[in-house]
Amino acid sequence: MLNTEQQAAVDAPLGYNLVIASAGTGKTSTIVARIEKLLINKVRAEDILLLTFTNKAAAEMIKRVEQKFPKEAQRIEAGTFHAVGYRWLKSINSNLVLKSPKELKTLFKSIYERRDFTRLEVQPYAASTLFEYYSFYQNSIEELSFGEWIQKRNSEHAPLAAIYEDIIQEYEELKASYGFLGFNDLLLEVIRHKGKIKSFKEVLVDEYQDTNNLQARFLNAINCESLFCVGDYDQSIFAFNGANIDIIASFTKRYPDARVYNLSKNYRSTKYILELANRVIAHNKRIYPKRLEVMNNRNAKSPKLLVFEDLYDQYEAIAQKIYLSSTPKEEIAVIFRNNASADGIEAALRQRGVLCKRKGSRSLFDMKEIQALFDIVAILINPKDLLSFIHILQYAKGIGANIAKDLFEGLQRCGEGDLKKGLLEPLDLYDPFSKKERNYQLALFDDLSQLGSKSRFKEIAILDNPVLKHPKLSQEGAKFLDELARLYSLRIKKPSSYIEHIKNSYIFNEIVNTLAAKRAKQKDGTIDEVIYEDARQKIMRRIALMEHLAKRYNDVYRFYNAMVLGSSEMEEGEGVNLLSVHASKGLEFREVYIVDLMETRFPNLKLVAKSGSIEEERRLFYVAVTRAKEILYLSFAKYDRVKRVEFLPSRFLKEAGLL
DNA sequence: ATTAATCCAGTTTTT
DNA sequence: CTGGATTAAT
Numbered sequence: 001m002l003n004t005e006q007q008a009a010v011d012a013p014l015g016y017n018l019v020i021a022s023a024g025t026g027k028t029s030t031i032v033a034r035i036e037k038l039l040i041n042k043v044r045a046e047d048i049l050l051l052t053f054t055n056k057a058a059a060e061m062i063k064r065v066e067q068k069f070p071k072e073a074q075r076i077e078a079g080t081f082h083a084v085g086y087r088w089l090k091s092i093n094s095n096l097v098l099k100s101p102k103e104l105k106t107l108f109k110s111i112y113e114r115r116d117f118t119r120l121e122v123q124p125y126a127a128s129t130l131f132e133y134y135s136f137y138q139n140s141i142e143e144l145s146f147g148e149w150i151q152k153r154n155s156e157h158a159p160l161a162a163i164y165e166d167i168i169q170e171y172e173e174l175k176a177s178y179g180f181l182g183f184n185d186l187l188l189e190v191i192r193h194k195g196k197i198k199s200f201k202e203v204l205v206d207e208y209q210d211t212n213n214l215q216a217r218f219l220n221a222i223n224c225e226s227l228f229c230v231g232d233y234d235q236s237i238f239a240f241n242g243a244n245i246d247i248i249a250s251f252t253k254r255y256p257d258a259r260v261y262n263l264s265k266n267y268r269s270t271k272y273i274l275e276l277a278n279r280v281i282a283h284n285k286r287i288y289p290k291r292l293e294v295m296n297n298r299n300a301k302s303p304k305l306l307v308f309e310d311l312y313d314q315y316e317a318i319a320q321k322i323y324l325s326s327t328p329k330e331e332i333a334v335i336f337r338n339n340a341s342a343d344g345i346e347a348a349l350r351q352r353g354v355l356c357k358r359k360g361s362r363s364l365f366d367m368k369e370i371q372a373l374f375d376i377v378a379i380l381i382n383p384k385d386l387l388s389f390i391h392i393l394q395y396a397k398g399i400g401a402n403i404a405k406d407l408f409e410g411l412q413r414c415g416e417g418d419l420k421k422g423l424l425e426p427l428d429l430y431d432p433f434s435k436k437e438r439n440y441q442l443a444l445f446d447d448l449s450q451l452g453s454k455s456r457f458k459e460i461a462i463l464d465n466p467v468l469k470h471p472k473l474s475q476e477g478a479k480f481l482d483e484l485a486r487l488y489s490l491r492i493k494k495p496s497s498y499i500e501h502i503k504n505s506y507i508f509n510e511i512v513n514t515l516a517a518k519r520a521k522q523k524d525g526t527i528d529e530v531i532y533e534d535a536r537q538k539i540m541r542r543i544a545l546m547e548h549l550a551k552r553y554n555d556v557y558r559f560y561n562a563m564v565l566g567s568s569e570m571e572e573g574e575g576v577n578l579l580s581v582h583a584s585k586g587l588e589f590r591e592v593y594i595v596d597l598m599e600t601r602f603p604n605l606k607l608v609a610k611s612g613s614i615e616e617e618r619r620l621f622y623v624a625v626t627r628a629k630e631i632l633y634l635s636f637a638k639y640d641r642v643k644r645v646e647f648l649p650s651r652f653l654k655e656a657g658l659l
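Residue 659 is where the first sequence ends in the numbering used here, and the numbering goes up by one at each step.
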């Protein structure tokens, strides 16, 4: 089954082992065989840790181990660095609540916007740029402070470094006070809790070339006897996330006893495909010599170049080719550099009734109703979550971000820091909204005229709550608070019960009404009843889907976190695979179409200019090409008639010898 | 001051 | 399609 090279790697003694595995050389089989070997040698399943870049990859390997070790396989600790980190942290503190990068960015922005950048000669980085630099910094730098790093990067920003650092500090404090954790925090927290992490006999790391310094520190924090790392220099495509090729390159220096194994027999692609990939990657400076032996000689066909006058002609023609292809649709992939390319293809395929799946179909989880649903869950499981509270309260008429924030802070005060207590058993504060310590005499007078009466509100149960005195609280706002109090008073356990209760709540029905009305709004401002009903039904169907998903979970935190962060890993449907190059990593298909091979698009020259490199773009091309087993189409269009842009063919087509 | 509505530009890759 | 900016309304 295994060839001698693979077998040698599998048989490696415990210690520091590095396997250099080019595309299609049976990397997965080798890892699976290694795990089986460990199990045969009586290593306990729970002493094996498998780290991958997607949870799907981990699940696939475990599934294969399961065939020979049905009992042990599930006990192996496996997943992405982040997923595994989450599990460990959860065992230390069971109430972890993750927040999406998007939300954290909004939080970051709100802090940024309070700073005064006037009277400065340098144009400061935009909030979102700074946020991304910070994330990159967390992933790659340890020795320098953020401020030091940023001025080293660009000395013009030296005068701003102190302000940047101040923003970061406030951001971190606020994040902690809201009980939020981001992706990076998952790894950073594990490193901080180093001593409390259980130890392992062997840790296996897939896609080792894409690990960044933060992940390397994470690995160092794990106590283990043996490391088994698998990677390929030419497939390093995560530099933008801090992936550091030195980590794999310096393996033997860092571990003097390290052994290195090479897998050089390619079983995946035909020789034409492999030759094309190698011709292009040869333009990159070689870190080590690459000599690949082709093992797959069935149906060898030359890769084909497709040229189109217009971008959309391209999508149509490719959809047509796929429609007519005799290859099973699951065995076909369309691969692109930028996700924007997917929409055109998807539409063209749908038109022909060809099913397709798009990984990370954000769409569903980006829907307002889904966000609202999970915002309510977030408030219920994390009463510190000001952001979700604001999002929800804003659906009440007359309530905006400012009043919502006032209410939240008022409730926290009435509950001595606890929102739930503030709603259910509030302290009887005279004025829960007073801003800090004001002049006492003035404030007393001032507030008397400002505060409203609690008895303004009808049909609510929390009549005695001091926050009802907020002068700008609307009837609907009060009803929202009341309903929130009711939801808090329920003792809900199962994730699906959460969804059910929320679905039946006044708050959620108001939100559904608002959203459906918005979607049914005509140009003249009237609401089309038919569209409204239709929009409503669609929303309820999505909620039902969520309720269904929730049934697979017993723990609401797990469910929430999986939905908020893992949503991109869920793929819907079946059929043709629509994938970005990054998402295609580790996968293989019989028939592959690489589209939009135009200079500026692929290579993405905007990114090259900003922070990337042409070498990385070339590796991306290499990864895309080597996904193909038998049939490969490379395609480009000369013109985009919608945007009126002319294109030149990608340089990679020339390097491949196709032009 | 705050919220609501409306119009305009822009859109990188992942956990 | 969404975030941002601008404007009208409370």
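Do not rely on the hints blindly, as some may be mistaken.
Just the calculated beta-carbon pair ranges, DEER-fashion [unchecked claim]:
| # | residue 1 | residue 2 | range |
| --- | --- | --- | --- |
| 1 | Leu659 | Leu144 | 16 to 24 Å |
| 2 | Ser497 | Asp313 | 47 to 55 Å |
| 3 | Gln475 | Glu533 | 22 to 30 Å |
| 4 | Arg115 | Lys90 | 33 to 41 Å |
| 5 | Asp366 | Lys405 | 19 to 27 Å |
Read the hints as simulated data drawn from the structure, not as lab findings. C-beta: ideal position from N, C-alpha, C; glycine also.
We went through each hint and held it up to the structure:
1. Leu659 <-> Leu144: 16 to 24 Å: Violated: the Cβ-Cβ distance is about 45 Å, outside 16 to 24 Å.
2. Ser497 <-> Asp313: 47 to 55 Å: Holds, since serine 497 and aspartate 313 (Cβ atoms, about 51 Å apart) stay within the stated range.
3. Gln475 <-> Glu533: 22 to 30 Å: holds, 26 Å
4. Arg115 <-> Lys90: 33 to 41 Å: holds, 35 Å
5. Asp366 <-> Lys405: 19 to 27 Å: holds, 24 Å
The earlier numbered hint that this structure contradicts is number 1, and it is the only one.
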